[in-house]
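Respectively, the protein sequence lines represent chains A and B.
If you use my numbering, the first sequence corresponds to residues 1 to 316, in order.
If you use my numbering, the second sequence corresponds to residues 1 to 298, in order.
Watch out, some of these pointers could steer you wrong.
Which chain B residues stay away from chain A? Per the calculated CB distances, all over 12 Å, these [as the list claims (entries may be wrong)]:
#1 3
#2 51
#3 53
#4 65
#5 83
#6 104
#7 105
#8 111
#9 174
#10 182
#11 187
Some chain B residues judged to face chain A by a derived CB distance under 8 Å, without partners named [said to hold, decoys possible]:
#12 21
#13 22
#14 28
#15 47
#16 181
#17 184
Hints listed in this document are in silico derivations from the structure and should not be mistaken for laboratory results.
Quick reminder that beta carbons are idealized off the backbone N, C-alpha and C, glycines included.
Letter by letter, the chains look like this.
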Amino acid sequence: MNDIKNYTKIVDGIPFFSKDCYWGKTPKKELEKAIKVLEEKGWEYFNANYQNKFDFTFEENRADWRFNIPINKNFVVLDAGAGMGRNSIPLARVVKKVVAFDSSFLRMKFLKKRVEKEGLGNIDVMVADFFDMPFRQNSFDLIVMNGVLEWVGASDKFKNPREAQISALKICKNLLKSGGYLYVGIENRFALAYLKGLDHSGLRFTSYMPRFIANWYMFLRKGKRYNTYTYNIKGYQKLLRDAGFSNANFYLAYPGYNRPRTIIPYNNLNILAYVIKNLMSENTLHRKISKIVAGIKPLLWLYRKLFFSFSIIVKK
Amino acid sequence: MIQLVEKIIIEKFPDLIDNINVKLSFLKYSTPSSGKNLDDKVIFFVFKANEKSPFLCVKIVRTYLAKNTVIKNFDNLKKLNDLTNNGKCENMFAKALYLFDDGENIFSIETVCPGKKTKFNKKKLKNVVREYINFQDSIKKNSNESIDDLEYFAKDLIKKSNLKELDKQKILRFIGQMSFKDIRLPRIIQHGDVTEDNILLEKDSMSIVDCDFVGFTDVPGFDLFGLFYRFNQSEAKKLCYEYFPEYFAKIGADISVDKYDSLFFLYYFMEHILRKKHISERISVDEIISDFKITYKM
């Protein structure tokens, strides 16, 4: 990408367009250690000892949402917040080029090693900031925001998280070619799972709270604002409209957008019922209850409202 | 991709679609293990508007380089269709309809088997075995070949395997203690992966899906052995003794009950060394023999 704004430095072959800012479920030290092991002992040893520690990183199914997009071998893709390359690698196998960036140098370093291992010559890896991306307008056929939109509100450049999210989406819209696609993988604000687990904030129930209460609660518990906004389907529709997108298709991703084993068109309740009744075995109480729910339309409608996550495909 | 699939369905199967302007919906589905390897399949169920069940099933791979997975699956299904055509088990398998390959994309289109995955209990297992035996009975007429010297067959299989020479010798020594004499088995194509997950049940019928391993072997009993082993490992031997006499009698095999152990090991070897190569890469032949002895109380 040497036709765009200059990088500030190159480390281990990775250009920096912004300062390094580590993030991720895996503590930085653990990833540093893993990369060191990889460099010293090779992939075989790494796979035997570390593969399962980085959830689903090596599975080829993470980008299965792509089947809903008419991708072809001429596509140029931007994987924004690419992390360890869970989408970049499977996409690179079917498109012309993938540009993967992340604010974390360490994660990009790991991705670069994977790219080399897989022998994929069509992935560019770089450190960059979402709000200061070094790309020209109308450059990409597809932009991937997988597990990213909920985090962009952490930027202190905006007065509130929603503003940051709209700005991020507008940036994507500008970078997309006409007729290009934006993919967003993200949680449902009112997912049933958030009643028993932690929200992105690290606290329980914050996604269910009105924003101003979540904000106070967050200040009280963590000393900072609540900035990881998720929405329900109407919320995402409005957010996308406010960013200038008008053509969005929603899918339910099961068990989650990170492993979209089953992808169900949101607007088709019959398909959701079919999945629950026919494709899921009755091996847990939750599933047994789901099967009963699937037979009662109002309950199924409600169940859909509480589904864990969405795959959203937006056309420019 | 699904835009291309939709176009081909409308183009090739206008009879299946009531209205050319019909909007099709696609449900993407893959098994929990699909994605570990590049050649794993992805399935799409195709629904007409307002329909509660899909009418077509489309199989895709994640990269064109893995196209052989789709081709093999499609050919295997066609093989089963040919064998069961117009017979009483005609509806046990989906119908292979169309294979699309434009050099960049590949997918197969087939009908959808009715029924749903069900957790087996002994009663359901009994019904499944009965249906399966009927299926094997119905296709035995297609084969005139038989295995008359099972010892030679087993040794040949071991010698031709990818095992190291030392491992081959260990296995040959182990089967040397078994009796393969006076066994004659008709060669009958096996599905190769008859598991609870691959069986769909309806009130009065049963379907078997996933044809990746069809024809992997034609040693009869392999499918039932695998089914029992996965249903309940500790009872697998008992279940074999319960159902094999009826099965072998129906397909015209000549084997006495006291020779079952040698057959069990042959199935075990095929399952763990030939079919699931990744298992034999992780554990030693000694462990495989030892596991077999424990499971089958040898």
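For each hint, the structure was consulted:
Against the 12 Å criterion, residue 3 of chain B falls within the reach of chain A, whose nearest CB is about 5 Å from its own CB. Once the 12 Å rule is applied to beta carbons, residue 51 of chain B is inconsistent with being away from chain A; the minimum gap is 7 Å. With 12 Å as the threshold on Cβ separation, the claim that residue 53 of chain B sits away from chain A is violated: the shortest Cβ distance comes to roughly 6 Å. With a closest Cβ-Cβ approach of about 8 Å to chain A, residue 65 of chain B is found to fall inside the 12 Å limit, against its non-interface label.
At roughly 26 Å, the least C-beta separation between residue 83 of chain B and chain A is larger than 12 Å, which holds for a residue marked as non-interface. Consistency note on residue 104 of chain B: stated as away from chain A, yet its beta-carbon is not over 12 Å from all of that chain's, at 6 Å minimum. At the 12 Å boundary, the C-beta of residue 105 of chain B falls inside the reach of chain A, the nearest C-beta of that chain being 9 Å off. The claim that residue 111 of chain B is not at the interface with chain A holds, since no C-beta of that chain comes within 12 Å of its own (minimum 15 Å).
Interface exclusion of residue 174 of chain B from chain A stands, the closest Cβ pair being 29 Å apart, more than 12 Å. At roughly 42 Å from the closest C-beta of chain A, the C-beta of residue 182 of chain B stays outside 12 Å, upholding its exclusion from the interface. Non-interface call for residue 187 of chain B relative to chain A: holds, since the shortest CB-CB distance, roughly 34 Å, exceeds 12 Å. For residue 21 of chain B, the interface hint is violated, the least distance from its beta-carbon to any beta-carbon of chain A being 18 Å, above 8 Å.
Taken as an interface hint, residue 22 of chain B does not check out: its beta carbon lies about 14 Å from the nearest beta carbon of chain A, beyond 8 Å. For residue 28 of chain B, the interface hint holds, since its Cβ comes within 8 Å of a Cβ in chain A; the closest pair sits about 4 Å apart. Taken as an interface hint, residue 47 of chain B checks out: its beta carbon lies about 6 Å from the nearest beta carbon of chain A, inside 8 Å. Hint on residue 181 of chain B is violated. Least Cβ distance to chain A is approximately 43 Å, over the 8 Å limit.
Nearest Cβ of chain A to the Cβ of residue 184 of chain B: about 39 Å, over the 8 Å cut. The hint is violated.
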